[in-house]
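Novice: Taken in order, these protein sequences are the chains called Z and G. Under numbering that gives the first Met the number 0, the residues of the first sequence are numbered 0 to 269, in order. Under numbering that gives the first Met the number 0, the residues of the second sequence are numbered 0 to 394, in order.
Check each hint, because a few of them may be wrong.
[Unchecked claim] DSBU-like mimics (lysine-lysine), calculated; alpha carbons at most 35 Å apart, straight line:
| hint | chain 1 | residue 1 | chain 2 | residue 2 |
| --- | --- | --- | --- | --- |
| 1 | G | Lys371 | Z | Lys103 |
| 2 | G | Lys334 | Z | Lys78 |
| 3 | G | Lys334 | Z | Lys76 |
| 4 | Z | Lys71 | G | Lys334 |
[As the list claims (entries may be wrong)] Just a sample of chain Z residues kept apart from chain G, beta carbon distances all over 10 Å, derived:
| hint | residue |
| --- | --- |
| 5 | Glu53 |
| 6 | Asn54 |
| 7 | Arg55 |
| 8 | Lys78 |
| 9 | Gln90 |
| 10 | Thr91 |
| 11 | Asp114 |
| 12 | Val149 |
| 13 | Ala161 |
| 14 | Lys162 |
| 15 | Arg176 |
| 16 | Ala182 |
| 17 | Asn221 |
| 18 | Glu223 |
| 19 | Glu241 |
[To be verified] Label-pair restraints from in silico Cβ distances:
| hint | chain 1 | residue 1 | chain 2 | residue 2 | range |
| --- | --- | --- | --- | --- | --- |
| 20 | G | Lys286 | Z | Glu126 | 30 to 38 Å |
| 21 | G | Asn47 | Z | Asp190 | 35 to 43 Å |
| 22 | G | Gln74 | Z | Glu126 | 42 to 50 Å |
| 23 | G | Thr374 | Z | Phe257 | 24 to 32 Å |
| 24 | G | Pro377 | Z | Val243 | 49 to 57 Å |
| 25 | G | Pro361 | Z | Ile194 | 31 to 39 Å |
Please keep in mind that the hints were generated in silico from the structure rather than gathered at the bench. Bear in mind that the values here come from a model prediction, so they are computed numbers and not experimental data. Ideal placement from N, C-alpha and C gives every residue a C-beta, glycine not left out.
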Amino acid sequence: MTGRVIVITSGKGGVGKTTTSANIGTALAKNGSSVVLIDTDIGLRNLDLLLGLENRIVYTLVDVVEERCKLKQALVKDKKNPNLCLLAAAQTRDKSAVTAEQLKNITEQLQEDFDFIIVDCPAGIEEGFKTAISGASEAIVVTTPEMSAVRDADRIIGLLEAKDEIKSYKLLVNRVRPGMIQANDMMSVEDVVDILSCDLIGIIPEDTGIITSTNRGEPIVNDEKSIAGKAYINVAKRIMGEEVPFMNLDEPKGFAAFIAKIKNFFGPKE
Amino acid sequence: MELHKRYIIDLSQAQSPADIVFELSNIIEKPEAANQKIWLKLGDIHLNQSQLLSIQSLISSINSTLSLVESQSQQTELAAATLGISTKDVEEEIKKELEENTPEAPLNTEDEKPTEQYIPMTDHLLMPDETKEATEENTPQKEELEETEKDSSIQETVDDRKEEKEDILPSQSSLFSTEESDAKVPDEEKPVTSETEKEADISEEKEDETAVEEEQAPAINEEEIQEQLDSIFDSETKLENILSDDKDINDMKNWPLTKEENEIEIPEEVMTDEDYAILQMNTQYHKQTVRSGQVIQSNGNVVIIGDCHPGCEIHAAGDITVWGVLGGIAHAGCKGNTKARIRALNLNAIQLRIADSYARRPDYIKNTYVEKTNTFTPEEARNINGSIVILKIND
């Protein structure tokens, strides 16, 4: 078995790389694939917190690289889903602790045992970024509909195109607020796609549930009712090759909006 | 003014910065070294600015000034230059001055040149007693010579410019006496240590932490120094191999195995050799908040006055005591001592490890940050037959 190595990157910080990694990883594992998540943000690790696995980490990526343990020992199993594993980053070191070669070596070893290797990339375009993309053959560029994030994503796409190993890259637009787009206060997803001229793999609406799920250490895809969770599940399906239409995020107007509000009052949106 | 006298210290044989400071601290104890202009001859050892600064303050503590440093290391010379210390060649400087000086001077240099003038450290150790005696016999003559030289210079010069004398004698005698004391009475090392530490304290005000550590260290022992340097806020974690190959971290147990919940029999406390070993270990005090990503390592016990935030790691061969909230990873007895204990006012660690046993915080505790409260529940974690048990300290 040769697993697919997908790097999740953005350039700009705070757009939701780690959240996306955790949720796509969990969604893929729920679909039955075996998934390993690699946190390459050494020194500022967060992926373990999002998955609620912080207390289980004994060995890290750096320990594997420096041969203090075997690769299998460092893989932390998810609490709920046995298909999902985490290879955590060290908190007490910095990006220079792992080189591109070493990470490539690790992803190659993991490819034999897992269907998907999701690499969570640190912000920036320096050493950490170069290390993270070293083993990957596919990339998902996360951006938000803001000029700064789009500009950074453009830079990242340029860097990914320059790397021969990256066969395909897809765009994921995060934290979309349909209300603001309708009021012309925010770039629409179409605008972002036009600017970046890049295939779209998902649109994730802004969801306050993300904050609570991060604090609880449970990915939002485990919450069946959450709209962002559904969007992430759709992304995972598209990664698996399914044709899934993009969700209609437009907020209903007029009478339909009134009905929707009443529906909301009695129960969350289906 | 006595300050015009020059006092040359040859440390070109020193193997490490530690050697230099050790030797220097011995020499400056001698009264001859006080109130002098000190010329330091160093080998190819790299000294950084803060190390040089601490040497300078060591020398200034006896009212002497470090006016010249000769070194083969560019780094040292650069550091000296930035501190305003001249970096010329000692021998050339002496020649120059003697040429400028009285006609008597050249005779002096011929007599004293290299063999006697610069006595390398290591040679002392190898030097047979006879030669020592011989050189000691020579000293009175030189004293005479020097006296004459002094007189002549006083007569000659009215202006104070560059009338520095070679004061070779004191340096020789001081070097000898230190070597002898080293060889005969090793106990004397202790006062020396305290001396240098005092010196370090003085310099502490001026310098950053690292310089102090590097300075304190030399007097004790090279290996210990290295360990100490490694231990304090070392960003490189050296995790002891607490898991054997067949152990699986995914089998890790939750930690709060309190006495009541699990009815584990607590064996009666009997002092074993391991307990005594912990009592005899050195203890490091840290008065600070230990934050995410910071590592404290120690070959003895660690006491932290402050909170330990999640993401920090504390590794100690002995006990870990936290006067505050413990929220990170604590590994007591990391060299294998199973009697080591972890104590905290609020024990909320992500992981507890004692010797080769480990336990994690249960998943139902959701707070991933440190809760700052005024109510404390002092607890102690012990390793009882391979499982980690938390006991209320009052029990």
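Novice: Taking the closest pair, is the beta carbon of Glu223/Z still more than 10 Å from chain G?
Specialist: At about 21 Å from chain G, Glu223/Z clears the 10 Å cut-off, so the statement holds.
Novice: Find the nearest Cβ of chain G to the Cβ of Lys162/Z and say whether that gap is larger than 10 Å.
Specialist: Check passes; 30 Å lies beyond 10 Å.
Novice: Would Asn221/Z pass as off the interface with chain G, using Cβ distances and a cut of 10 Å?
Specialist: At about 14 Å from chain G, Asn221/Z clears the 10 Å cut-off, so the statement holds.
Novice: Can you tell me whether the CB distance of Gln74/G to Glu126/Z sits inside 42 to 50 Å?
Specialist: With a Cβ separation near 26 Å, Gln74/G and Glu126/Z fall outside 42 to 50 Å, so the hint is violated.
Novice: Evaluate the given range 35 to 43 Å for the C-beta pair formed by Asn47/G and Asp190/Z.
Specialist: About 54 Å separates the Cβ atoms of Asn47/G and Asp190/Z, which means 35 to 43 Å is violated.
Novice: Going by Cβ atoms, does Glu53/Z stay more than 10 Å from chain G at every point?
Specialist: violated (6 Å)
Novice: For the pair supplied as a hint, Lys334/G and Lys78/Z, is the alpha-carbon distance within the 35 Å limit?
Specialist: holds (31 Å)
Novice: Is Lys334/G within 35 Å of Lys76/Z, Cα to Cα?
Specialist: holds (28 Å)
Novice: Given a hinted range of 24 to 32 Å, is it respected by the beta-carbon distance of Thr374/G and Phe257/Z?
Specialist: Given about 50 Å between the Cβ atoms, the range is violated.
Novice: Taking 10 Å as the cut and beta carbons as the points, is Lys78/Z off the interface with chain G?
Specialist: violated (6 Å)
Novice: Mind verifying the non-interface call on Gln90/Z? Its CB should be farther than 10 Å from each CB in chain G.
Specialist: violated (5 Å)
Novice: Since Asp114/Z was said not to touch the interface, does its Cβ keep a gap of more than 10 Å from each Cβ of chain G?
Specialist: holds (20 Å)
Consistency note: the structure conflicts with the earlier hints numbered 1, 5, 6, 7, 8, 9, 10, 21, 22, 23, 25.
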